[in-house]
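*Asks:* Single-letter residue listing:
There are 4 protein chains.
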Amino acid sequence: MIITMKKGANEADIQHVIDRVNGVGLEPRPLYGIERTVIAIIGDERTLDVEAFQAMHGVEDVKRVLAQYKLVSRETKAEDTLVTAGAASVGNGTLCVMAGPCAVESRDQIVEIAHAVKDVGATVLRGGAFKPRSSPYSFNGLGEKGLVYLAQAREATGLPVVTEVMTPALVPLVAEYADILQIGARNMQNYDLLRAVGQARRPVLLKRGMSATLEEFLMSAEYVMKEGNPDVILCERGIRTFNDYTRNTLDLCVVPAVKQLSHLPIIVDPSHGTGRPEYIIPMSKAAIAAGADGIMVEVHTDPERSVSDAAQTITVEHFSRLMGGLRHIAQYEGKRL
Amino acid sequence: MIITMKKGANEADIQHVIDRVNGVGLEPRPLYGIERTVIAIIGDERTLDVEAFQAMHGVEDVKRVLAQYKLVSRETKAEDTLVTAGAASVGNGTLCVMAGPCAVESRDQIVEIAHAVKDVGATVLRGGAFKPRSSPYSFNGLGEKGLVYLAQAREATGLPVVTEVMTPALVPLVAEYADILQIGARNMQNYDLLRAVGQARRPVLLKRGMSATLEEFLMSAEYVMKEGNPDVILCERGIRTFNDYTRNTLDLCVVPAVKQLSHLPIIVDPSHGTGRPEYIIPMSKAAIAAGADGIMVEVHTDPERSVSDAAQTITVEHFSRLMGGLRHIAQYEGKRL
Amino acid sequence: MIITMKKGANEADIQHVIDRVNGVGLEPRPLYGIERTVIAIIGDERTLDVEAFQAMHGVEDVKRVLAQYKLVSRETKAEDTLVTAGAASVGNGTLCVMAGPCAVESRDQIVEIAHAVKDVGATVLRGGAFKPRSSPYSFNGLGEKGLVYLAQAREATGLPVVTEVMTPALVPLVAEYADILQIGARNMQNYDLLRAVGQARRPVLLKRGMSATLEEFLMSAEYVMKEGNPDVILCERGIRTFNDYTRNTLDLCVVPAVKQLSHLPIIVDPSHGTGRPEYIIPMSKAAIAAGADGIMVEVHTDPERSVSDAAQTITVEHFSRLMGGLRHIAQYEGKRL
Amino acid sequence: MIITMKKGANEADIQHVIDRVNGVGLEPRPLYGIERTVIAIIGDERTLDVEAFQAMHGVEDVKRVLAQYKLVSRETKAEDTLVTAGAASVGNGTLCVMAGPCAVESRDQIVEIAHAVKDVGATVLRGGAFKPRSSPYSFNGLGEKGLVYLAQAREATGLPVVTEVMTPALVPLVAEYADILQIGARNMQNYDLLRAVGQARRPVLLKRGMSATLEEFLMSAEYVMKEGNPDVILCERGIRTFNDYTRNTLDLCVVPAVKQLSHLPIIVDPSHGTGRPEYIIPMSKAAIAAGADGIMVEVHTDPERSVSDAAQTITVEHFSRLMGGLRHIAQYEGKRL
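Protein chains in written order, with our numbering: chain A, 1 to 337; chain B, 1 to 337; chain C, 1 to 337; chain D, 1 to 337.
Keep in mind that a hint or two might mislead.
No distinction is drawn between identical chains; accordingly, a pair holds when it is met within one copy or between any pair of copies.
[Unchecked claim] DSSO-like, lysine-lysine: derived pairs with alpha carbons at most 27 Å apart:
1) K7 <-> K77
2) K7 <-> K63
3) K7 <-> K226
4) K77 <-> K118
5) K63 <-> K226
6) K118 <-> K7
7) K226 <-> K70
8) K145 <-> K6
9) K63 <-> K335
10) K335 <-> K118
11) K6 <-> K70
12) K77 <-> K226
13) K63 <-> K6
14) K70 <-> K118
15) K145 <-> K118
16) K6 <-> K77
It should be emphasised that the hints constitute simulated quantities derived from the structure, not laboratory data.
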């Protein structure tokens, strides 16, 4: 940690900081500059409360040197993590393609779509049984019935299933049916939920919150891993910016950044990331070219009849073209798909 | 709802949209312009799924005319709502000042601070028993013991208590001790939690999410009201922008905007909104001058020893000066404080 | 400057950085921590190129300790600057109110409005002769004729005049007519223009760019001052965020932050900052309560007939009410208005 | 244009809007809904001032139906534009790679780098002679001498040259030496400069402003084309968001969006877009996979000695690997490189 004192800080201010650092068993190293004094702290600063120092008299600024996450860090584990769920796996050179409707609408719908996306090359079936909706008046999913239909679609096709769980009390139920537990963007910092899926015996797909910094994103993965669950798949799905021509701004550069800092796999969701079908193919290819371990995409046999997110759902034909592009880039990148 | 067709949309595309609108019992009114056709929909569009229309062939853009919230709207209820919790109330000309430490640390600490802030003019005591922290390694509150201490501080001072509840399962417990249930910014779109506090018999303090639009903010309040709880207090606490000189960007203009659209009271939290003690007094005064119904501020008898959020906590002396400024502006605005 | 080395940085990497620092005459102080080495630099880092160090092998991060501006800094000049233009002044306890139409439309219009706003209490007349417009097809001002009309309005009322100059070649012309030269938000980093007004003998009103950080804002003021012009008035006019209920997001907290870092006066423009007349009164009062040295507001005797920015222009009656609010707050704050 | 009246708007308010629309020769079509009246305008709304309507009594909201640009629109010109500059061209299936140092430092430096990047496959040489710097104390380029060196590098290698022009007065000088005139991000809305390059007989590389919407970006291109210059190359170089792990957030989705709305070529600058060399290769590949017509990248034979932007500059070896990736994707996309 580096503490920068204000220009006017006096001896007593500086000594007070030094005493406090000594008090917690770390080693303060004051550096008396021309205009300001800087105090560097030697030792594991992760045990320190940055804010307490920021509040001290005469302190201008406090900066951490070490990231706050450990388990997710590539410094802790150098080799890429491979996450496996049923017949599918993702990470360390293996790409996955999660495809399916926004919401499970009926048994027939989900089984039909599961067959269609599998034929084209999807490796995981997606579909919402519990749907977060900004309006309390919107359709919010079939609930447990939706989970049953998903399981039936898995049985019919062999595709493992990923679906969202929105609240801790339902984690056991959803884990009974699903192969991968999805944490939605709005719940990225729902810590009770993170702890609950951290204790479940299922891989977790963690979507980045709409305004989450990279560090916050990794800290939320740390919550899951800290509970003993090593199987976390990260997912970039667009951040909120001033842009108004897309629903969100897909931040693809987070892919190489995560690869640098963490061993966890990261996939990209261009459906939520763009909100418009015509941008989904180019942005899916771009994601794989940027190094992503896969994509998650909303596909429907009849997008317009989709009960939710119709505007960002592509057809099976569209999806088939998309897969062609991904395979080509994957091959050049030396990835399995 | 207004549907704008693409320039190249043909007769069949237009007819298809018209048929679909008729199919749901609303009235389509096509307007054939020089470059584009626009289809206006007469009727209550709130039952319509905007996205399904956006997904149709030949459609360029779909815009709602009506807001999606009803119960929180000033069109539904013209007069300001007054929310009462114990001895305090807020809204319709009555200001409230919620003050106290970031976290409850001990019985003595919270009782001492409660007395101190009450003496200076606070009307509600704040203090976290369950704390959301971005790191799983940080102190996350005393839990139920913290609630007990808060109740003891209320008993000692008469100040009603506001404290955060983070997960649906704990709503009954927190409601047993607290006078006002706080929903934190990270949980603004935790819909299961919103429903749970909507069913509790306690006023709710709903903090705006870090990247929530005004409409999303009001929709979350609608979730609470829809469950039968009319007592919602909104709270602006800063949004996330590119600014790096403060922790968040306090969006004070949301105050007059909420007043225009809704009958609910809105207060401002300058502690989280700025993250620096030296900005808390000016921004508190600015909030009241902008029309806010109160403020929520972190005060500690020894900020530097505060176990969390020390950097944005003010002293009691500082708080006393702040109250002087608020009273002056409140008087000119004709508000009770 | 503080240089943090990567975990894997070796002796040669560290020595290379140290040699380079020595090479420019500063003093490197390496601190060997448990996980990382940190190198603090003693001396005036402002002569150093941060980026060159960031590019070195084994370097993870480089942080400045000192701000890059000098002349605008309160560390250089402790007392508030008072800027005077004609009969008006601003800063160091004196408030100014700049009011008038978005654009000068005719001699009669500007003279009529000048009288109207002066009667109510404006201290400076604003009005655009050269107008920046995002569309090349929009009305972009009367040009020199507009300047002549402004000068006539000044003659008629005694109000000094502020108007925008958009390009270096026109600085001498605009300076001939105007009392204060305005740099618009889009030109905050038009460095040739900043240098040109820095050489003019007129106070400069520098508007914050839509996505300017606080440091960039102050650096642009430094450009003007470096050319020998000490009379810079800063102006917050809203930043661009995800918010969609206002044209921009008025960042009022920048007011106390500027006061802390700089001696220059800062005013607020709630017309551009909100884009809606119903928010202009509350946000003007909030600006003064936050410590601003004045406001700049668009006023028209017939807003709807205004040739530009009609949507954010208020009437003279509205403006009169606004002035009442400002006077009250100014009095409490001990400011002259 | 679609005008939505407020719920409480009365007959007179509605009639006033209708009269005003009739007054400008367009056709108003009022639609009386259950809760609100909507007035659609038939005719070319581009001649209308949206704001004047927004300012009218009883008006809630005004929305345009037509985009404000014409010349840049794909509706005006369906086929892709190919821009040619010397031996290079870009657009309509031809990719370009602009490479070179941030700044021209000496004759030897620029000639050496020009040879190096040409050998690896660059098609255009970049290099700054006039450099925009946020600090007035930073190196701001060699000026005309830099232009001379660039011309010498062109002579030595045959590579056409792109360099920035920052102010209208220097357009003739820069156009004398450069093959392509670059408008920097900070000047995207410097309208006098846009007009000046619009009148020059050189292709223009227009960089997107840090907080420019897609519409504003295209409107700035419209400024250039309106002056008679059809050769505009757009360039995405990152937008400003809350992200703090990169210098800017590269918004790659703007590539397919521009392709949909406009016939102009668009390239991507991953150097400024990310600010970190380790992200430049993945993001360059992603750009081409997303459909970009080329990239612009900072390359130096000794990045660490680069006088500016060292932190985002890659080596020639790095650049060579990058070119390999681009060629592979280009081939699959059927583009010439």
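*Asks:* Since the copies are identical, ignore which copy is meant and state whether K118 and K7 lie within 27 Å (CA to CA) inside a copy, between copies, both or neither.
*Replies:* The answer is neither: 65 Å in one copy and 36 Å across copies each exceed 27 Å.
*Asks:* When no copy is named, should K335 and K118 be tagged within, between, both, or neither for a Cα gap of at most 27 Å?
*Replies:* The answer is within: 19 Å in one copy meets 27 Å, while 31 Å across copies does not.
*Asks:* Should K70 paired with K118 be assigned to within, between, both, or neither, using CA atoms and 27 Å as the limit?
*Replies:* This pair counts as neither: shortest intra-copy Cα distance 37 Å, inter-copy 43 Å.
*Asks:* Taking 27 Å as the upper bound on the Cα-Cα distance, should K145 and K6 be classified as within, between, both, or neither?
*Replies:* neither (61 Å within a copy, 39 Å between copies)
*Asks:* Taking 27 Å as the upper bound on the Cα-Cα distance, should K63 and K226 be classified as within, between, both, or neither?
*Replies:* within (25 Å within a copy, 31 Å between copies)
*Asks:* When no copy is named, should K6 and K77 be tagged within, between, both, or neither for a Cα gap of at most 27 Å?
*Replies:* between (39 Å within a copy, 16 Å between copies)
*Asks:* For K7 and K226, with the copy left unspecified, which applies at a CA distance of at most 27 Å: within, between, both, or neither?
*Replies:* between (41 Å within a copy, 23 Å between copies)
*Asks:* Can you give me the call for K77 and K226, within, between, both or neither, at a CA distance of at most 27 Å?
*Replies:* within (14 Å within a copy, 48 Å between copies)
*Asks:* Regarding K63 and K335, is the shortest C-alpha distance of 27 Å or less found within a copy, between copies, in both, or in neither?
*Replies:* neither (39 Å within a copy, 38 Å between copies)
*Asks:* Can you give me the call for K77 and K118, within, between, both or neither, at a CA distance of at most 27 Å?
*Replies:* neither (33 Å within a copy, 40 Å between copies)
*Asks:* For K226 and K70, with the copy left unspecified, which applies at a CA distance of at most 27 Å: within, between, both, or neither?
*Replies:* Result: close within a single copy only, 9 Å intra versus 42 Å inter.
*Asks:* Which holds for K7 with K63 at a C-alpha limit of 27 Å: within a copy, between copies, both or neither?
*Replies:* both (17 Å within a copy, 17 Å between copies)
Of the numbered hints given earlier, the model fails hints 4, 6, 8, 9 and 14; all others are met.
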